[in-house]
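Student: Listed below are the residues making up each chain.
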Amino acid sequence: MEKNFERFAKLAKIYFEKEEIADFEKDFLKILEFVRKLEELNLKDVKPLSHPLDLENVEREDKSKEFGDEKLKEKLKESFCEKKGDFLKVKKIL
Amino acid sequence: MIENLTIENFLEKLKNKEFSAKEFFEKLFEKIEKEDKETGAFLSLNRKGALKEAQKIDNLISKKEKLPPLAGVPCAIKDNVLVEGLKCTAGSKILENYVAPFDATVIKKLKEAGAIVVGKTNLDEFAMGSSTEYSAFKITKNPHDHEKVPGGSSGGSSAAVAKNFSLFSLGSDTGGSIRQPAAFCKVVGLKPTYGAVSRFGLIAFASSLDQIGPLTKNVRDCELVFEIIKGKDILDSTSVEIEKKFEEKKEIKVGIPKEYLVEGIEPKVKEAFDKAVKKFQEKGIKFEEISLPHTEYALPCYYIVACAEASSNLARYDGLRYGNFCEGVDAFDTYSKTRRLFGKEVKRRIILGTFVLSAGYYEAFYLKAQKVRRKIKEDFKKAFEKVDLIFTPVSPTLPFKIGEKITDPLKMYLSDLFTVSVNLAGLPAISIPIENLPVGLQIIGDSFSEAKIFRVAKLYDRD
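Residue numbers (the working numbering), protein chains in the order written: chain E, 1 to 94; chain V, 1 to 463.
Everything labelled a hint here was simulated from the structure, so no lab data went into it.
Check the hints yourself; a few may be wrong.
Among chain V residues calculated to face chain E with C-beta under 8 Å, some are [said to hold, decoys possible]:
{"id": "1", "residue": "S237"}
{"id": "2", "residue": "T334"}
{"id": "3", "residue": "Y362"}
{"id": "4", "residue": "K375"}
Only a predicted model underlies this, so the values are computations on that prediction, with no experimental measurement involved.
All C-beta atoms, glycine included, are put in the ideal place defined by N, C-alpha and C.
Take these sequences, add in the hints, and give me the full structure.
Tutor: Laid out in C-alpha cells, this is it:
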C-alpha cells in the first residue's frame with residue numbers, strides 16, 4: 001500500500017515526509033474500509049447522479065473579451081506571486 | 001444591550017433613536033474585544049470599516065431618509081466568504097495572507113440591504129470538519145460550555161450569534177456545517193435548497209453540495225436574512241429563482257424516518273426530540289413514521305462525492321495565483337511544497353478524492369457513490385409524496401469535548417450522520433434549538449419549500 005499512497009500523493013501534488021506516510025496511510029485505509037459499505041448495494045441499472053438540480057450547461061462562444069474593471073484587475077494581479085507588468089510568471093511545465 | 005435583541009427589535013430601537021448605530025458598534029466592539037479572547041469566534045475584525053458604515057446609517061436617520069431593510073444590522077461572516085478588502089483565509093495557512101479582491105454576491109446583497117460586517121469567523125480549514133478544531137489558526141469554544149466544541153465547520157459563526165457578537169451570521173453547509181454548529185450553540189441555522197443562494201465568492205469545497213445560509217437567534221430573523229440573500233445570480237450558473245409559491249394548508253403532515261432514531265443516538269438527544277415532537281403535535285401538526293431506506297449509505301456516499309469534488313476544487317492552490325508560496329526547483333516541486341501547507345484533514349480528503357477519481361478506482365468508488373446519491377434523492381422524493389416535511393435530530397450526540405474526536409477522523413465524520421443526506425439530495429433544512437439544550441431539531445423540506453419550513457419552525461420560535 002505504501003507505494004500506492006505515494007502514487008496518490010504524487011497525483012494530488014502534495015509532498016509528504018517519509019515518517020508522515022505511515023500515519024496517513026493508517027487513517028486512509030480505515031476511511032476506505034468505511035466507504036466500501038456501498039458495495040453491499042445492488043446498483044445495476046441505476047443512473048448516476050452528479051448534481052442535485054437538472055441544469056443545462058451554460059455555453060458561450062470561445063472568444064476573449066476585455067476584462068473591464070481595471071481596479072479589480074490590479075487587485076487580482078496583486079495576489080499573484082511573481083509578475084512583471086501585465087505578465088504573470090509561472091513555472092516551466094515542460 | 002445587544003443581548004436581548006433580535007434583528008426586528010434592533011431596527012425598531014435604531015429608528016426610535018434609542019441608540020445611534022455608531023454608539024451601538026462602539027459598544028459592540030468593546031464587548032467583542034473583551035469576551036472573544038475566551039470564545040475565539042473571530043479570525044479578524046472589521047472595526048474601522050464597520051464604524052464608518054455605522055456613521056452612514058446614522059446620517060440617513062438624521063436626514064430622515066428611507067432606511068434599507070437591514071440598516072445597521074451587525075453580521076459576522078464565515079471566513080470562506082469573500083468580503084472586499086478583508087482577509088479571507090478559509091482557516092488555512094495556504095490563504096493566510098489572502099485579501100479578498102471583491103465581494104461575494106451574498107455580501108453585495110447584504111451591504112445593499114444596509115447590514116454591517118463586524119468580522120470574519122473561524123472555521124475548520126476549507127470548511128472540512130465538524131468541530132472547528134481543524135482551523136489552522138485557533139480553537140473556538142462552545143459559548144455555553146468552554147470545554148466543548150461549538151460544532152463545525154461554521155463554529156465561529158454560530159458562536160458569534162450565541163455570544164451576541166452579531167445579530168446574525170453567514171455560514172456555509174456542505175454536509176451539515178451550518179445546522180450542526182447551530183444546534184451545538186443553541187441558535188437557528190438554515191441550509192437553503194441547492195441553488196437558492198448564489199455561491200459566487202464562496203471558497204469552494206464541494207461545488208455540488210455547498211450552500212451559504214444564515215445563522216440567527218430565531219426563525220423570523222432567519223427568514224428575513226434568507227429573503228435578502230436568495231435569488232438567481234448571473235455569476236453562479238447553478239443559482240435559480242424560487243418560483244414555488246407556498247400553499248397554505250390546513251393540515252401539515254410530518255414524517256419521522258425510522259432509520260434516524262436507532263443506534264448511536266444519545267438518549268438525551270432522543271428525549272429532547274420526542275418532547276419537541278409532542279409540542280408540535282399540540283399545535284396541530286400530524287406525524288407519521290416514514291422510511292428513507294438508504295440512510296445508512298449516505299455518509300460513505302457523501303465522503304466519496306465531497307472528497308472527489310474537493311480534490312478537484314483545491315487543485316487551484318498551486319502557489320502561483322494566491323496565498324502562500326514555497327519556492328521549489330521546478331513546477332512540481334513548487335506545487336507539492338506549497339501544498340504541504342494544507343492541514344492534515346484537508347490532505348486526507350484531497351488524497352481520498354484523488355484516489356476515488358483515479359483510473360481503476362473510479363467505477364468502484366465515485367461512480368458507485370453517484371448511483372447511491374440518486375437512490376438517496378429518490379428516497380426523499382417518495383417521502384415527500386406522502387408528507388409535507390420531515391423531522392429528525394440534527395446531530396446524534398450532544399456537543400463533545402475539545403480534543404475528543406480530533407485524532408479519529410471516522411469518529412468526527414459520524415457527527416454528520418443525520419445531515420449529509422440533505423446535501424446529497426440538494427434539499428433545504430433548518431436547525432432550531434429545542435428544550436433549552438444544545439440539541440437541534442432538523443426540519444427538512446422538499447426543494448424550494450423554505451417558506452413551508454419557516455412557517456412550521458415558527459410554531460416553536462421563542463420571542
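Student: Evaluate each hint against the coordinates.
Tutor: Structure-based check of each hint:
no. : hint : result
1   : S237 : holds (4 Å)
2   : T334 : holds (5 Å)
3   : Y362 : violated (11 Å)
4   : K375 : holds (7 Å)
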